[in-house]
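Keeping their order, the protein sequence lines are chains A and B.
Be aware that the first sequence starts at 6, since it is given in my numbering, and climbs by one per residue.
Be aware that the second sequence starts at -18, since it is given in my numbering, and climbs by one per residue.
Any given hint could turn out to be false.
[Stated by the list, open to error] Chain B is faced by these chain A residues, among others (derived, beta-carbon under 7 Å): (1) Ser7; (2) Leu179; (3) Val181.
Since the hints were made in silico from the structure, they are not lab data.
Glycine residues also receive a C-beta, built at the ideal position from the N, C-alpha and C atoms.
Here is what each chain is made of, one letter per residue.
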Amino acid sequence: MSIKTKTETILVVMNVLAWITFIGLMIEAGAILVTYGIGLANPKMITKLYKGMDWDNLRQYDVWYYTGIISLKAAILILEAYTAYMVIKVLSTIKMTNPFTMQVAKKLENIAYTLMLVWIAVLIYNGQLKWLSKDVADLEGKILSIDLIIYAGLVFVISQIFKKGVEIQTENELTV
Amino acid sequence: MPIIVNLDVMMAKRKMSLNELSEKVDLTLSNLSILKTGKAKAVRFSTLEAICKVLNCQPGDILEYVE
């Protein structure tokens, strides 16, 4: 298999994985919001919340804190889904005959910024959870945040290198 | 653009076609055409040297600055 077809195959596989990730995250966000709604109407159902998370103690402590935490969790999932969607857009926009375009560079930069937003949201979420766990027992669900900022930084560096590549390409175009 | 390329003038003086010049300076026809029509953004010294050598002229005969 030539390098060209291998790269194209990898991109197709990545596109499929990105779609699976996007759909999975949207389903997870939807599931959390639906179970939250059901939990409000029928508090006994909270113990059977999505992925077995039991936030009945938090709901009993304060409904607004409970709403806030669920909203943050849903927002994080939606932002992650949006990141996956942007990856899908990059993979569908990129043309192997001319991959270095400012459009793709901008999209990569936006992915880095979104990952950074996710990281901030996760920090707030973890902070809230830690603060509430002082008063509410058995509060779990902390999300690992350190890898997110590393990914955001990595994607940002790649986007800047890509941008430089586009600038050099533009400069060399129409040079005889 | 302030820099004007007078390549067609020199080619006419030397009675040389674009194809012939392209072969002699080892530049593709499309690149030479880009230069001749003034669409080029930059010219390498090596290209300028090759053209001047073939057309037996100075860089100033090919490139002209107008305000």
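If you take the shortest Cβ to Cβ gap from Leu179(A) to chain B, is it below 7 Å?
-> Cβ of Leu179(A) sits 4 Å from chain B, so the hint holds.
Proposed interface contact between Val181(A) and chain B, which counts if any beta carbon pair is under 7 Å | 5 Å, holds
Taking 7 Å as the limit, does the beta-carbon of Ser7(A) come near enough to a beta-carbon in chain B?
-> 25 Å, violated
When the structure is compared with the earlier hints, a violation turns up for hint 1 alone.
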